[in-house]
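In order, the protein sequence lines correspond to chains A and B.
Count the first sequence with the working numbering and you get residues 1 to 488, in order.
Count the second sequence with the working numbering and you get residues 1001 to 1488, in order.
The set of hints was computed from the structure by calculation and includes no laboratory data.
Please note: incorrect hints may appear among the correct ones.
Stated by the list, open to error - From the derived model, a few chain A residues whose C-beta atoms are all more than 10 angstroms from chain B:
(1) Met-1
(2) Gly-74
(3) Val-205
(4) Ala-212
Claimed, not checked - A short list of chain A residues far from chain B (calculated; beta carbon distances all over 10 angstroms):
(5) Gly-152
(6) His-219
(7) Glu-302
(8) Arg-319
Said to hold, decoys possible - Computed, partial: chain B to chain A, Cβ under 10 angstroms:
(9) Pro-1017
(10) Gly-1074
(11) Arg-1075
(12) Asp-1092
(13) Asp-1109
(14) Phe-1349
(15) Arg-1358
(16) Arg-1362
(17) Arg-1365
Note that this is a predicted model, so its numbers are computed, not measured.
Note that CB positions come from ideal geometry on N, CA and C, so glycine has one too.
Number of protein chains: 2
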Amino acid sequence: MSLRFPDTATFTGFNAPVRIEGEIRDLEVEGEIPSGLEGSFYRCGPDFRFPPRLGDDINHNGDGVVSAFRFEGGRVHFAMRFVRTEKYAAEDAAGRGLIGLYRNPFTDDPLLAGRDRTLANTNVVLHAGRLLAMKEDGLPYALDPVTLDTLGRCDFGGRLQSQTFTAHPKIDPETQEMIGFGYEADGLAGRQMALQVIGADGVLVREEMFEAPYVSFQHDFAVTERHIVFALMPATTSLERLKAGQTHWVFDPSLPVKVGIMPRDGSVTDLRWFSAPGRGLGHVLNAVSDGEEVRLDIFVSERCQFPFIPNADGAGFDRAASTPRLARWRFDLSANSDGFEEEVLFPDFMEMPRTDDRYQTRPYRYGWCAVIDPQRPIATAGTLGPGWNTLVRVDMAARRQDRWWVGENAACQEPQFVPRRPGAAEGDGWLLCMLTRLAPQGYGSELVILDAERIAEGPIARVRAPIRLRGAIHGNWAPRPAPEGKAA
Amino acid sequence: MSLRFPDTATFTGFNAPVRIEGEIRDLEVEGEIPSGLEGSFYRCGPDFRFPPRLGDDINHNGDGVVSAFRFEGGRVHFAMRFVRTEKYAAEDAAGRGLIGLYRNPFTDDPLLAGRDRTLANTNVVLHAGRLLAMKEDGLPYALDPVTLDTLGRCDFGGRLQSQTFTAHPKIDPETQEMIGFGYEADGLAGRQMALQVIGADGVLVREEMFEAPYVSFQHDFAVTERHIVFALMPATTSLERLKAGQTHWVFDPSLPVKVGIMPRDGSVTDLRWFSAPGRGLGHVLNAVSDGEEVRLDIFVSERCQFPFIPNADGAGFDRAASTPRLARWRFDLSANSDGFEEEVLFPDFMEMPRTDDRYQTRPYRYGWCAVIDPQRPIATAGTLGPGWNTLVRVDMAARRQDRWWVGENAACQEPQFVPRRPGAAEGDGWLLCMLTRLAPQGYGSELVILDAERIAEGPIARVRAPIRLRGAIHGNWAPRPAPEGKAA
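Work out the full structure, taking the sequences as your base and the hints as a guide.
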């Protein structure tokens, strides 16, 4: 039988499926790996085990691939594996693609009926010795941190009631608790949400279910030292639209933005909901509790960022209206209003935010993001849209940016901050970032390492992959290689 | 520490190190895999674990990589692994390249002193359930036929005295005996040769040592139903030149070609040596005993084929003089002469010969080779020289050729014949061949499958690798995937 990938944007050029699973010892290094940079940079993103059953597909519907760059004594090794989800196993046995539209099981091949169809393709987080590959429409899959072999679906000790778990859990830097949530927690297009707290030992400590104001696409959320913040944007769905074979999400700006805030030491019954006109929401940089004020630093756009989510009012995808900008939302818990204030912190086309994660949930000063700088060349060849052409450090106190343009025919992905040493000051360390080379003479992938405080100076070192690596979505650093399946 | 490959022909363009070890499930297939094509196509070639210690290197000095295309029920899977030689392990531990010049240990890093420095990078042969990766300057390494993991150096039961074993052993299609030989069998630049016979059970049956007329580069040899044929060309070496840090081989056409013929049921003491003026010798297509005549079908050139072997008379590399042509040498064992007759069978620039291996050592009619057809475009971009642009079937009885041009910006490697079924007539089956795509928009690799009797019609199917695969040197087909380390 023939087996062909389609000649569409998701499957050609830089995005052509790579699909190999394996290891590379000693990647090429230009420059010097900083001494003390010891650990693993894990990343997760989609690739495609089989051509799409429906003739084409969106990148977010690909099979989860986890990769690791391992830094050991100045050498860098690489490994990459597909996550063996139930969906992967079913297609492997069938010898062909079974999945239909993104998060619409009514479009699947009957052979996939009743099976877990989550893809574990969005983020990878090491917590309590478990390496978890995550996608928000299902439960995480646990992988061996060394071999990247799939150990199985993770329900934190069999106690989770929610059918979903976010790809953006927050780890409290002091307690090492992992706080997560689920939406459509009671099943497809369901209004139930769940709040989960996983102890530092990896065992579920607490789970509470509650009803969302409406079914909403909630890719991220926020946790502060004292509060938990849920943010709903008006991308919504219903069983009816799914049964009709439509896309999971439709963006309906007639619905409001809803922000639910609850105390960490309280319960979901304490949730207080704030409202604003319908907008597109992106990732959360961080959030802070300050007396009776909660500040949420979040990317906001007029319309939804994703071209694959149609507008309910029939409007086409409008890049300008979909431009994400970093905004600060201030919620006054002492006031009687359900409104909140917004301040746009930077006017730039910016996203993929990271912090010094020792300051996640806490007062912080620095962030690192990807920017599309219109003053610089923007690589589009072979990408699924204009590429991020600049890395930026944002100084939230000084409202200042430092920038590094990634160069001609290149694009960057989500950066990763690594502290220089355990007690280093906030932001004192390295910034790791995958670059996509889109030169006319060929595609390539390299990991650059910058001084996180001096990114304008450009990379200290470049780690070159000998093969093109498809773009990942999110990733995380683990301070030391984890021997024998346990985190260091 | 920095780790960079040089910007030289061996390490750039299509030849840039690939280095990844791993698996790909379900390669893309254009067309249909013929039903009945079930088995593994194993290939072996060089890649580079580390940048060369001396700043540059030749491709033949790279680390052995074995790959397998597995055909199962119309699906094709892929695996690739470095062979874990002693040299590989020593460099892996050191974190850098230790080897010096091709087959000159006097140019190695002292850390490699006393270690086996063979590279297992030339051919891979499945015999008696052992998958053997071979290079003629050392012993083979045995691999697991399924995982391609290295099991260890193979000395056929610990009984081998020779320090070397050819990369071109011959397997008798009736007895399944494997006949091999070694040169420099007593060590570097040594004149001793060895003849080895390995039983169908993989155990050494017979080994005899003898002195060669001179130390000669003997990449191939020949076996017939009744005779064994050694062919020496005047590429020679000495301990002195190696100690002086020179290349292993120097081509000295003042030395003669020597051909030694002995009866398979006799002994090396029965060797009868024939002589001719110094020439370059290439691979053997096949050889036949016919009464008192032995016919050797071998590729012959005026000078040595390899640009990296200098001429003793100081002449530069001359492509025309180094053109290999298929010749038939006839040795009359009943005559009293040490001469023999030569007939050039085809005038073309031809090499990389294969037969229907059920007819190896036996009377045969067909061969399949690679040709450089000057009437067609010749791809050179990123290759280590002009690429083979045409596959040919030679009909030795009709002295006729059938050809298939591999297409624009493409080059082919050594072909592989696979019989259609166990009892099929000679040449009735498929021809497998790796193509290198050298298109301006990027490099690629694909395996084409042709009807071996009708190659002019072009491929029945094309199996596409999602990553560029460096060129292999030789390979072999194994009829069925070998479960649990045993040959089918």
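So, going through the hints one by one against the coordinates:
| no. | hint | in the structure |
| --- | --- | --- |
| 1 | Met-1 | violated, 5 angstroms |
| 2 | Gly-74 | violated, 5 angstroms |
| 3 | Val-205 | holds, 38 angstroms |
| 4 | Ala-212 | holds, 39 angstroms |
| 5 | Gly-152 | holds, 20 angstroms |
| 6 | His-219 | holds, 29 angstroms |
| 7 | Glu-302 | holds, 37 angstroms |
| 8 | Arg-319 | holds, 27 angstroms |
| 9 | Pro-1017 | holds, 6 angstroms |
| 10 | Gly-1074 | holds, 5 angstroms |
| 11 | Arg-1075 | holds, 6 angstroms |
| 12 | Asp-1092 | holds, 7 angstroms |
| 13 | Asp-1109 | violated, 16 angstroms |
| 14 | Phe-1349 | violated, 29 angstroms |
| 15 | Arg-1358 | violated, 29 angstroms |
| 16 | Arg-1362 | violated, 37 angstroms |
| 17 | Arg-1365 | violated, 34 angstroms |
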